Amino acid sequence: MKFFSFKGGVHPEGNKTPTTSEAIQSFPLPARLYVPLQQHIGAPAKPVVEVGQTVLKGELIAASQGNVSAAVHAPSSGTVIEIAEHQAPHPSGLPVVCIIIETDGRDQWIEHSGETDPWRLSEKLIAQRISDAGIVGLGGATFPSALKFNLGLKQQVKTLVINGAECEPYLTSDDRLMQERTGKLIDGIRIMMLGMSASEAIIAIEDNKPQALKIMSAAAESYPELKVLKVPTRYPMGSEKHLVYTVTGKEIPAGKLAADIGIMVHNVGTAYAVYEAIFEGKPLVSRIVTISGGAVNQPRNLEVPFGTLVSNLIDYCGGLKQTPERLLMGGPLMGLVIPGLDVPIIKGSNGIVALTKDELKVKQQSACIRCSRCVSACPCGLVPLEMAANIKAGNFDRAVEYGVKDCISCGSCAYVCPANIPLVHFFNYAKGELVARQKAKQQQEYTAELAKQRQARMAEVEKQRAAAKAKALAAKKAREAAKQQQEAAQS
Amino acid sequence: MSRLTPVSGPHTHAQISIQRIMLTVMLALTPVTCYGIYLYGWPALNLFIITLVSAVIVEALCLYIGKRPMKQGLGDGSGILSAWLVALTLPPWAPWWIAVVASICAILLGKQVFGGLGQNVFNPAMLARVIILISFPVQMTTWVNPQPMFSEQDPGFIAGLNVTFNNETVDWDSISTASPLGYLKTELTLDRNVAAIMTETPDWQSSLMGVTAGSMGETSAVLILLGGILLLMKRIISWHGPVAMLATVTVIAALFHQANPEHYAPAQFHLLNGALMLAAFFIITDPVTSPNTAKGQIVFGIGCGLLMYIIRTWGSYPEAIGFAVLLMNCFTPLIDHYLRPRIYGRNRKGQPLAIQQRDQEEQS
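Residue numbers (the numbering used here), protein chains in the order written: chain A, -2 to 488; chain B, 18 to 381.
What the hints contain is simulated information worked out from the structure, not anything from laboratory work.
Quick partial rundown of chain A residues pointing at chain B, CB under 8 Å, derived from the structure:
# : residue
1 : Pro166
2 : Lys253
3 : Val380
4 : Gly408
Every value quoted in this text rests on a predicted model; they were computed, and no experiment measured them. The C-beta atom is built at its ideal place from N, Cα and C for all residues, glycine as well.
Next up, chain B with everything else stripped away, as it sits in the complex (with noise of 0.2 Å):
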């Protein structure tokens, strides 16, 4: 027999491995996504492809420049997963440059300039959103109607292709719209009130279903929450991160609509419209980004629902996830820092235990 390696235990493995993590991911978002690119159409699917596409090149470079080991850099899938996240936040119907852009920021700015996997500080999907959303608001902010794939309002193949790579042709003002956040933000600054606007935006059966104007991520509430439920019982996410988000949306925003009805829109509004679904289950559950431990995710949790609130409430931006989250990921390493898990046989401070007397013990 060959001189075995002296290594250390354990010998054996769980049946995990990164790229098992990374495709697990992306099934619990095909239905989102194939769901969406039905809504939105052609233009949808192009931009989804544009962006994984664009994705995978910018990482192949990264890893030429830096390299690092091609097949495993790519094959472990994270970097599609994040190009992914970023094109359900993409208007559908947003031009082909904008994913490329998005693409190098999420994976070149978002991951590789850290060092690669498991060493940025940002969500690199977030990141991207963020950088684009501020550099070019027009593209950003011009949603569409859903018009079904194989509708009467499908502009068909070839249409869709001119949409993505010719989209300073499209007749904009006849078929633009406003997201129902946007349009709830736009409203309120011409002192309208909350329930008036209300019977104008989606009902809530409309926002659940995901039939409203909106990113691919931003549809159907229904069916992120399908695929969160698959991560959960994969245990590939832990509840503490999402539940502590949505309940402190819902919580903070059911108290000010009922302080304020005519000012603050209810909970279930926050709760269905927007991007919180999609971040509270795919995107504060980014291992790489969120902190280690149950407590410091519920914390991550609740500070991401907090400013969320807070940015979707008073800031300009109507949808706010993405600030919200790159200035919780700011805070991951404090979080980790302060909330440790106590160590067996010490105190939270790290003192060994105190050896209780045990002579008193059996006298009393």
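With the rest of the complex left out, here is chain A (with noise of 0.2 Å):
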């Protein structure tokens, strides 16, 4: 099968191979699980425990709330001791609310059992399922996984794309879930399939995973609906926008979604969440997680409990070799800084990253010599140059011109910048105040709107008012009037 080869993208240091033959531990019960409510895009789920309740493992404790949230699950036994503020795993440090556990030691599971005859679900029940187990987007965006489901059944998806990419250094979860839980994975992605009628589906694997590539192509050999295809080693190849054109050549239109033209991609580790809650009736409660970096002792592939914190997997894998430069909760390319070992693991981890100065590679920022290095390694076709340019300069309306509001944030663009500029910094930091000016636009222009409609009331007002008048003038008039006719009928 053939693939696409879109523009532009870099090639950095894979760096995988200090976990890439890791195979996957289950990670020993912390003492106590600092659960977030809001692990996902969308609003946070609402607590359904109380401090000092007893949960089992795979207890709701939080309900998913509005439109898009997702549900969150007890990721293991023990007793809910608190339910306060904790650091959240985001660069701010800002903290976030969390439903603190302390573990019992016996994992004991909640009472579950998968679907007698999967096979045979409606796609809607599908969907349940698979809201009720708290599923969202595991390659990192975390998206409630249900919502995007009835999306697909409404635009009548024909081709699932799942995700094997992996196209961040450092990380192996995804390798590592494809190599060893081929079966259920596979399985997995077939009843993705059922759940949105979908007739394909193209497993995407780059060619760095020889292994994967291996052993899902045999597994996928006996399911001619499914196909395996090898694309380049390029990031960001996992980029959505990316990989559906790499895999069907076409683009997804500015502003619509990869479902509007037929396609819905879903990462590997989402593939086989869905197995667990459709075969096994278990909710999302863990996940696979790599633990790399020049910093760390051993690199290792983890399946750790959802609220672990960072620091407990550091001490597991050795401890630190020395203080990171930065400590990254994703790849070095689009991971986030985490302000330190204090922040728990939510379901949108796919990595810790613990980073030395040497790999970090941070040079000091010079002038930019329109090299245009940038313009080349953009995969969407933008001036990053011109982005940053006019950012600086405060010139919003000229930077989207260029195409801020269609940069995905890659980073490409400042891995080749040989100036050092940090341009993703600026490219953020415009998207933010692009939000803000429309929000303030927005809040204006209804404002304008209230204001016109208390005139237009108050104007009612005085009319009625003025009516009123007229008519009490009137009554007055016609009363004085019969008066008068009544005075003179007596006289």
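Join the two chains, each given in its own frame, into one complex according to the hints.
Here it is as structure tokens:
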């Protein structure tokens, strides 16, 4: 099967060797789990447990609320000791509300059972089970999966693209998952197809994972509707826009979703979570996390219950060799800086990477020489150097013209910039500023609209008052006239 | 652990820096420079050193006055590279002050007045060359034939210093000669035919190897090509500009020569003489003053080639690279404005792509 080659992209050092042959290990249960209510895009989940309550593994502890949200389940059995704020795994280091569970060490599951005949489930029921299991996009975007399924059904998605590209350096969690849990993964993908009545599924795997490619190809062989596609190793292959193009040759129109052109992309991790939800009745309570980076003593792939603190993981991996220059959740291209080791693992954490100064390769920023390496590297066809220059000058409209709204923040431009200009930082700032401006504009329009309505209302009141006055006057006159008449009649 | 900066990704970087780019370009220029110094002897070396040293002094002064970081401004090597390129376009036996004025023009007027690295509109080396060519036409068109170092013609170190610092005392009448392009121009004005003139200019082998009168950067087309290939392999430059420029000159020169061989020199003469090769690989690939996109660079290359041929053939200057490049530099912003890459998911006009009617597609 052939693929289509997108424009641009970069080839960062893979650095996957330290963990690529590290089999997934289960992680010894930590004493406490800090389970954030918000581990997904959308509204935070609403706690349904109380402090002091004992919970079993897989028990619902916070329910989805609002249109876009996801349920949260207890990652292990134990007692809820507190519902309080704890530092979030986010660069800001701001607190997020967590349900803190003291584990009892038994790791006892709540009663659960898989569907007796999953292949006969209706689409609606599959989406319901996925929603109940609290599944979100495990590639890192953490968008609630059930919503995506419903959208897929509505848009009559034909092609399901399974993202096994894992284009971020250091990370091997998806690679290991594909190698070790192949059968379940394949069933997960097939049930996903059923869930959105797709007619084909294409599993895209970068060619730097020969083992996974081999095993997955062999497993998919007996299902003609499944195809495994070897795609070239090029960052950002795992970006939805670029994976869709690579696999189908179609571009997602600006401002639209893949579903609008009949395609839906899901990560391999999500497909596995769907398998567990449907076939085993298990909600999403843990995920596979790669712990790597030059500052870690023994890089590993671990299956980690949500709410486990990063410090617990680092300890299990033999501690740190040296103080990391930067600590990341996710890979080095798009990963987020985390403020310290005291933050919990959440549904979107595919890796913890502790980088040394050598790996970071941070150099002093200098002037842009317009070398246009960023233009060649941009996989979206933008002109990063002009965008950055305009943002710097506060000229946001021009930056939009050069494409800042189409930027996926993949960082290819900044990766190749010889002047070390933090281009993505500029773009993220601009995107925030643009949203703020949009909101301010809406607010303004809303205020103007309210003022206009008030004016209209006041005018109406005035009119009514005038009418009432006129009426009263007329009534008075009529009364007086009647009185006069009466008087005249009496006299 | 200390509080870490909440910076956006990426948290890794390619092994590339401005300094590295500049050093690689200098490395690519080294063979032709060494060869030029060998060919034209001590005066060429003197002039080269004076150009570079004065450039560093001018740049340091500018940075000091502008209160900009000295270490970074000088350390990136961009000023030295500009001066190096200027030196390659000077007549090797020119007096010292030509080199100093050229450096001042390149660094001060070509770069620092615009705000330093990355801000200039014109290629500093070409700007400097054009300014001094117009201001000092005699010194800038006085060429000597190669007199290789350590050969019989080598004037020696002391006499070399004399050439550079006491230029007026040199007996120019006995040694000065015209460059091949200059000779062609002069002889054509005397109504001679090209074929006859060609027999008196160096044959193409000598031009290829550079054993002709000219500036250091006009000597060996082979060594410049070698440097250019190094830059291409190291991905410092892309092929678009150079190929467009060379192809344009080849095609247009061949066409005119074909139409009227009496009056128009053959393509190889244009390709191998003058600074065309240097310009194609080292001047029009200057990132600051050339367009951003591959397409833009092709347009830029074609424009440079076309203008160069027009000015060489019908203008009053036999060597036209400087003018051609400066004129095209003016168009760079315009080219960048019109030749932007297409954004993913949008058409050329920037509107979102239309969603194809899937149902119809399936039916057909």
